[in-house]
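Protein chains in written order, with our numbering: chain A, 1 to 130; chain B, 131 to 270; chain C, 271 to 679.
Treat the hints with caution; some may be incorrect.
[What the hints assert, rightly or not] The calculated lysine-lysine pairs, modelled on DSS-like cross-linking and capped at a C-alpha distance of 27 Å, are:
#1 LYS257(B) / LYS178(B)
#2 LYS257(B) / LYS181(B)
#3 LYS676(C) / LYS539(C)
#4 LYS181(B) / LYS539(C)
#5 LYS178(B) / LYS272(C)
Since the hints were derived computationally from the structure, they do not count as laboratory data.
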Amino acid sequence: MAGRVLDAGLHLLDRQLVDRDGRLAGKVDDLELTIPDGGGPPLVTAILAGPGALGRRIGGRLGAWVEAVANRLRSGEDRRPSRISFAVVKRIGSAIELSAPKAELETDRLEAWTRDHIIAHLPGAGDAPD
Amino acid sequence: MVAGALLLLGACTGPVRSVDVYESKAGQTAEVAASAVQTALLAVDAAKGDKAYGRYLTQVLVEAEEDASSAQGTFDGIQPPDRRADALRGRLDGLLGEATDTLAELRIAARRGRFAELPELARPLPKVAEELGAFAEAHG
Amino acid sequence: MKRLFAIALGILTAIGGFVDIGDIVANAETGARFGMSLAWVVVVGVIGICLFAEMAGRVATVSGRAVFDLVRERLGARVALVNLAASFFITFLTLAAEIGGVALAIELATSVNYLLWVPIVAFLVWLVVWRVKFDVMENVFGLAGLALVVAAVALWRLGPDWGGLLHGATHPAVPQGEGHPTWWFFAIALLGAAMTPYEVFFFSSGAVEEGWSRADLITNRLNVYIGFPLGGLLSLTLMAGATLFLEPRGIQPGHLSQVALPTLLVLGKLGLAMLLIGFFAATFGAALETGLSCGYAVAQYFGFQWGKFVRPADAPRFHLILLVSIAAGAGLVLTTIDPITITEYSIVLSAAALPLTYFPILVVANDPDYMGDKVNSWFTNALGSLYLVLLLVVAAATIPLMILTKAGS
Chain A
1 MAGRVLDAGL HLLDRQLVDR DGRLAGKVDD LELTIPDGGG PPLVTAILAG PGALGRRIGG
61 RLGAWVEAVA NRLRSGEDRR PSRISFAVVK RIGSAIELSA PKAELETDRL EAWTRDHIIA
121 HLPGAGDAPD
Chain B
131 MVAGALLLLG ACTGPVRSVD VYESKAGQTA EVAASAVQTA LLAVDAAKGD KAYGRYLTQV
191 LVEAEEDASS AQGTFDGIQP PDRRADALRG RLDGLLGEAT DTLAELRIAA RRGRFAELPE
251 LARPLPKVAE ELGAFAEAHG
Chain C
271 MKRLFAIALG ILTAIGGFVD IGDIVANAET GARFGMSLAW VVVVGVIGIC LFAEMAGRVA
331 TVSGRAVFDL VRERLGARVA LVNLAASFFI TFLTLAAEIG GVALAIELAT SVNYLLWVPI
391 VAFLVWLVVW RVKFDVMENV FGLAGLALVV AAVALWRLGP DWGGLLHGAT HPAVPQGEGH
451 PTWWFFAIAL LGAAMTPYEV FFFSSGAVEE GWSRADLITN RLNVYIGFPL GGLLSLTLMA
511 GATLFLEPRG IQPGHLSQVA LPTLLVLGKL GLAMLLIGFF AATFGAALET GLSCGYAVAQ
571 YFGFQWGKFV RPADAPRFHL ILLVSIAAGA GLVLTTIDPI TITEYSIVLS AAALPLTYFP
631 ILVVANDPDY MGDKVNSWFT NALGSLYLVL LLVVAAATIP LMILTKAGS
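This is chain A alone, in the form it adopts within the complex (with noise of 0.2 Å):
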């Protein structure tokens, strides 16, 4: 990724991310930022994606509503928006794509949790499309 300079509002923000196997793995909602212990300008840390992070960027009452939403969802661990390290990005292009497989990704639990109480009791759900 060296030699590069992006615009992270209009390179990284809103993009596709695309996990180890090619599946989609939600958008970047949001980029955390670190300002690094010995001074200098922030750096990007991760990548925030998710109704928490999202209700942020959409901002006013309805993205206030969101970020409470999805905090509600979040029970018992600290209210922070799910984050993929920025260490797991493998390539920058039209898309951002993740060196992990999606199930690994922290920003996977709301479709694992679709996936496991709703739709895997539907007949035919691990079926390969013919």
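Add chains B and C to chain A, keeping to what the hints say.
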């Protein structure tokens, strides 16, 4: 937005402010009834030539009767504003009554599968259709 | 030879799949009330949808991603959210209308009340969307929709005054006794029926579902430029039938059964049977497309896995949205609101939402990042921009006209 439009479109019952509005509502009702009667006439035509399935014909006749009855029902629910409107109402009700009566007979016969009787039962309809049409034209 | 067959199949499917309950209702009601004086609107609508569908298909074919997918990238989360909200609402309403339409078509054939069919129809729609392969689904219902051609056959058999029809179509004028606002209102409804947003989103996502690549660009263009206009012609056939049989008698078709009268009177039982099959196929096919489009729209905004090209277990939220949308659509019809009324609202509101849903397509199709050398030509852009201006005018006029004319009564 849609709800607002729906409210505006809601059939109005209760008193109507002027005879003009009442007259145009009468005209509209006649139009709807005429449309239903004409539809029934076409269906009877199709029955004559044995052109249609019984089920389809029955459906058309049922719907025609429903349309005419509900138009009459809506119109009757409107309070006529004055005497002149009363006269209008009387004339229209007479026509509507004839229409719905005949349409009901057609519907009953069709439901019983007596399609051969339809043309005879439908005899009064062309005249009713004409009169309703003329009424709609004059007052719509 | 095989290639030719594939192209022919694509075109035929496009023709058969063009007409939906909105077109049926809009064209029949317009023909019965205004004759052929609004035929030009269908032409305008068909040109418009050809233009934007080709763009959307090209975007998906070249970039491998559906148009809606790219809207958020191009226009940002907030704007795309507004777009999503409008598109989803309209598409959902259309889905409900189509489900109602299928139930009405079955009612016509069986005399069993349409409400009883709604749950069955909804279940079948979901089942097909869940299990049946995408291209099989498209081909079966697209081809079956061609049964509507029987309406054209009836017209031809009747041997009407073609000159008169043509004259009515080429000399648009408000007929005697009708008001200008109502005429324009019906024009807007017709445009909304011809240019329904879901068709474009579906077309684009469908290209990804079927794995189209650059080699398929020509197929894309042929399907659109030949298939859609012929589909539009089919719509006009319904308008002509209504003009010839219903308008002279002052019949206002508020029921699907009345739309079938012209074909019935010319071709008898067989004609009617074909037409009912056509109604069923057209509305069922459209129910599938609108249902899927509901899922596509939401999934493509949020970025989660979508499509029938993966196992349902791999696209759980997508399938959940499909399930819920179809169920909710059926629910709306079960409130006993007349499906024809739902249809009328869906096409009018579609017209109002058109600029919002079409503008992003124009933007994305011009982006060299996605399109490479296949960006819009200056001509396409000029025509597209012209249409956007038209659609803005239409959108602005819709609600006032709807209120003014009491929704065309």
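To see whether the hints hold, each was checked on the structure:
no., hint, result
1, LYS257(B) / LYS178(B), "holds, 19 Å"
2, LYS257(B) / LYS181(B), "holds, 24 Å"
3, LYS676(C) / LYS539(C), "violated, 37 Å"
4, LYS181(B) / LYS539(C), "holds, 5 Å"
5, LYS178(B) / LYS272(C), "violated, 49 Å"
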